[in-house]
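Trainee: Here is how the chains run, residue by residue.
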Amino acid sequence: MSTLSLTDRLRRWSYLQDVELWLDPMSRRRRREVLHELRTNLADAAADVGMPRAIEDLGKPRALARELVEAEPRRRPSWSFGVLGAGAVLLIAMLAGMGYLFGLTDGVLGAGGGTVEGNFLGVHIVAVATDAELSWSLSGWSWPVTIAALIGFLVASAAWRALPIRR
Amino acid sequence: MSTFERDPQLLKGVLPILVIGLLGTAESYGYELVTRLQAAGLEGIATGTVYPTLSRLEREGKLTSHLVPSPSGPARKYYRPTPAGEAHYRDALAAWGDLGGVVHAVAAQREEHQ
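Quick note, the sequences are listed as chains A and B, same order. Read in order, the letters of the first sequence are residues 1 to 167 in the working numbering. Read in order, the letters of the second sequence are residues 168 to 281 in the working numbering.
Calculated from the structure, these hints are not laboratory results. Take the hints with a grain of salt, since some may be wrong.
Claimed, not checked - DSSO-like mimics (lysine-lysine), calculated; alpha carbons at most 30 Å apart, straight line: (1) A/K60 x B/K179; (2) A/K60 x B/K244; (3) B/K179 x B/K244.
Just need the whole structure built from these sequences, with the hints factored in.
Mentor: Now the structure itself:
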């Protein structure tokens with residue numbers, strides 16, 4: 001095995017980073033083993049055909065990772081995808097909340113200013129918009145958003161894979 | 168060298184037999200096995216097809232592996248068939264021969280018909 005150039009190391013690192021992202025359903029230990037073996041095999045192949053060709057022969061990172069994950073005896077939940085799923089729900093809720101807040105403020109400004117109260121998915125909002133003051137206060141807890149985020153987490157992570165299999 | 172394009176699904180189905188067959192002759196690490204498959208006639212085989220097959224066969228208990236330190240790099244993972252893998256190889260080879268027999272019989276009938 002020859003020593004890899006810095007460019008080849010970067011190419012390999014970048015490719016394996018992509019593969020690792022899609023290997024999330026594997027256990028950490030198993031993922032490390034698989035990546036170590038891929039790293040070694042890529043170095044061997046690069047010595048033979050060059051790193052660009054060695055990477056090309058492995059195919060798209062997502063497709064390779066899918067094949068490797070399918071080779072596992074049982075697929076595990078992907079908790080990091082779960083966090084992304086919950087984050088997406090929270091982001092959408094936050095943007096919708098801001099839209100509601102600005103709409104509320106715009107309404108009260110259009111009516112000549114004053115104080116207005118509203119409720120957005122369980123969160124109580126008080127908006128004050130006068131010539132001297134522009135402020136909002138939020139209170140309460142949004143259970144609908146909490147439940148939606150939880151569902152987003154469970155669905156995106158495929159959490160049901162953690163349940164014991166009934167035979 | 169064959170000039171026709173191989174059906175990827177057919178190759179995927181037969182690859183475990185070829186992998187166990189070659190590893191039964193001599194143990195190999197991933198990339199070495201790819202080069203052996205290429206030398207055996209699968210010139211266009213992609214490494215991305217072989218590594219998941221190795222992984223699957225190992226998880227199914229048909230291959231076993233051990234790390235061998237490499238003098239000029241990280242340790243390589245060498246594979247060889249387990250007794251279960253050898254048994255699977257014999258069964259699969261018999262099934263393949265049987266299927267090949269049917270294909271040849273049908274082809275022969277067609278030749279006669281023409």
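Trainee: Please list, smallest to largest, the hint numbers that this structure does not respect.
Mentor: Violated: none.
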